[in-house]
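A.B. asks: Here is how the chains run, residue by residue.
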Amino acid sequence: MKQFLAFIRKEFFHVFRDRRTLLIMFGLPVAQIVLFGFALTSEVKDITLTVIDQSGDVNTQQLISKIKSSSYFVVNESTRDYNRIADDFKKGRAKCALIFPARFGDDLQHGGKVQLQIITDGSDPNTAKTVVNYITAITTAYQQQVSPSQRLPFVIIPETRMLYNEEGNGSLNFIPGVMALVLMIVCTALTSVSVVREKELGTMEILLVSPFKPLMVLIAKAIPYLILSLANFILILVLAVFVLDVAIKGSIILLFLESMLFIITCLSLGLLISNTTNSQQTALLLSMMGMMIPTMIFTGFMFPLENMPKVFQVISNLIPSRWYFLIVKAVMLKGLGFSYVWKETLVMLGMTVAALTIALKNFKTRLS
Amino acid sequence: MSAVVLDHITKTYDDGKVVAVDDVSLQVAEGELFGLIGPDGAGKTSLFRILTTLLLPDKGSATVRGYDCVKDFKAIRSRIGYMPGKFSLYQDLTVKENLDFFATLFGSSIEENYDLIRDIYEQIKPFNDRRAGKLSGGMKQKLALCCALIHKPEVLFLDEPTTGVDVVSRKEFWAMLKSLKQQGITIVVSTPYMDEAMRCERIALIQGGKIMSVDTPDNIIAQFPVTLYAIKADDIYRLLTALRNEPAIDSSYAFGEYIHITLRNGSDIDTLRQQMEEKGHAHVAAKAIRPGIEDSFIRLMNQA
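Read top to bottom, the protein sequences are chains L and X.
Residue numbers for the first sequence follow the numbering used here, so the first one is 1 and each next one is one higher.
Residue numbers for the second sequence follow the numbering used here, so the first one is 1 and each next one is one higher.
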């Protein structure tokens with residue numbers, strides 16, 4: 001036991017004295033969260049809008065100010081010059097143009113039928129569609145406001161709700177994904193490298209020759225990284241809650257335990273890699289390439305798994321982070337209990353036991 | 001009982017294509033300071049790894065203090081000290097932390113066997129808080145030796161401990177080994193340096209995985225079968241080329257400022273010297289000398 005503790009202490013020394021390890025360990029999650037949270041957002045905001053107002057009446061003014069106040073748009077000064085549109089689009093001053101025809105207000109009040117033209121930049125179709133939806137929603141609301149009495153005999157007004165994420169916070173979907181990704185990279189890469197480093201340095205020879213059981217070497221290696229990864233996990237959660245306003249709806253304890261299981265899965269994979277490689281570079285490459293890319297693609301937080309060909313869907317079942325992602329989404333975002341995620345937990349547990357058994361079995365008590 | 005016994009040990013790599021150790025048998029007595037002497041790639045490290053249970057031999061058997069290197073590897077692992085050729089300490093830990101770690105790992109403590117390492121440790125103690133990676137080569141070796149000794153091993157295996165260490169530190173290192181031997185520890189040490197061979201009680205000359213000779217250094221030298229001459233001239237290189245083509249010469253090689261030669265039967269050094277002078281070599285001087293261990297090694301190597 002004394003040997004075991006001394007070993008763990010030594011591992012902590014290694015981590016805390018190596019700036020690169022610390023950077024990967026704690027810099028990576030922060031960078032990922034900030035990147036995904038602020039840079040890679042799929043929300044459309046600050047759309048530049050050119051308004052051609054040929055009517056210039058109260059109604060157009062009201063509608064424009066509604067659009068201005070919606071926070072999605074940055075409205076360029078309105079003008080009557082139609083040619084401004086082409087110019088603004090070309091120079092990138094506008095992503096969207098809104099054209100009110102002459103007598104807009106008059107027609108609205110008396111004619112009952114009025115037209116409004118929306119021109120968007122189709123080179124980015126997704127954004128264009130979103131922009132059209134925004135403006136349509138605003139005009140519809142405005143219409144109801146100005147003519148509440150003019151009720152149509154039959155009208156369908158869809159009341160939409162986004163369950164689990166009423167505000168449409170884009171961070172919600174990627175937080176579980178980033179958690180899976182970061183834990184995966186940090187655990188596998190650092191564990192595999194730390195074992196292989198002993199081989200490279202030649203210290204493994206002494207460790208093997210010592211009376212300390214070879215299996216204990218592996219376990220003593222894994223424990224510091226388990227503790228550090230749990231700290232990492234807490235760091236991600238804190239960032240998610242306080243920086244990105246993601247609420248944790250379910251039980252934190254359940255989330256913690258599930259994450260611990262996932263971390264152990266990753267540690268086992270790291271040990272597995274370290275058994276088969278002899279240089280730090282290979283180990284790092286294997287864990288980065290072999291783990292990061294499948295995690296990105298097959299976890300389901302970047303590309304929906306449902307749209308993939310059947311073969312890839314089957315393959316995705318083999319990726320531990322896929323199951324962890326489902327669990328975190330269920331527990332953290334939907335607030336579900338263990339009874340909803342026991343299947344996923346069982347799959348992950350099975351993977352962990354398998355990986356750990358193979359890793360421990362393959363660990364050589366000799367050099368070759 | 002012999003502390004270490006190797007019985008017809010053979011070790012190959014790459015499915016038998018590379019023979020590292022070829023049918024080696026030798027014995028090391030209790031409390032002996034035994035040297036494995038041979039050039040790089042002779043198979044020294046493979047032998048060490050077999051004895052320290054890190055490698056399995058292909059053929060043959062080996063025991064350390066009566067324990068079989070394959071079956072009883074656990075018993076051996078708690079009884080030996082090993083210092084691998086590749087410098088094997090944690091560069092990012094301090095001197096004290098390294099020593100502490102290895103002491104604990106081997107189920108001991110610095111205090112428990114302090115007597116054993118005192119002489120060596122006192123020299124590096126001023127650098128207790130320095131990272132091992134920042135030590136000089138000689139200090140690193142001392143620290144590594146301390147770490148290998150800290151659990152009071154019965155047999156100490158040192159694989160090329162003085163490679164890459166300056167001359168003064170090498171001398172100190174061998175003095176330490178001598179004092180360790182006096183405390184009853186069996187020491188098996190390997191080195192590519194011939195001058196260090198003389199400091200061992202018995203040595204095995206190893207080349208290409210084969211043992212060429214096992215004896216005390218003095219006996220090996222005494223067994224040198226012919227007279228060895230040292231010869232020199234002003235242009236030593238031209239002399240060496242000339243000697244190589246001389247039928248009377250059995251062997252010749254440069255050795256410091258001299259050329260060491262042995263003659264074939266019926267040849268005579270004075271005639272040779274005259275011949276050389278007649279061929280235009282200036283200031284030819286030749287004398288019979290006592291062979292060194294290096295001469296013995298070269299001779300054995302050429303015979304093999």
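Take the hints with a grain of salt, since some may be wrong.
As the list claims (entries may be wrong) - Each pair of labels, with its calculated beta carbon distance range:
(1) L:Val243 x X:Pro126: 44 to 52 Å
(2) X:Lys134 x L:Leu305: 50 to 58 Å
(3) L:Leu22 x X:Arg130: 44 to 52 Å
(4) L:Asp18 x X:Gly137: 55 to 63 Å
(5) X:Gly66 x L:Phe16: 38 to 46 Å
(6) L:Leu346 x X:Ile110: 29 to 37 Å
(7) X:Gly66 x L:Leu346: 46 to 54 Å
(8) L:Gln281 x X:Pro192: 28 to 36 Å
Unchecked claim - Straight-line C-alpha distance at most 20 Å; calculated PhoX-like pairs for lysine-lysine:
(9) X:Lys59 x X:Lys17
(10) L:Lys199 x X:Lys17
(11) X:Lys71 x L:Lys361
(12) L:Lys2 x X:Lys74
Just so you know, these hints were derived from the structure itself, not from any lab.
Keep in mind that this is a model prediction, so the values were computed, not measured.
For each residue, glycine too, the CB sits at the ideal point set by N, CA and C.
A.B. asks: Hint by hint, which ones does this structure get wrong, listed from lowest number up?
C.D. replies: 3, 4, 6, 10
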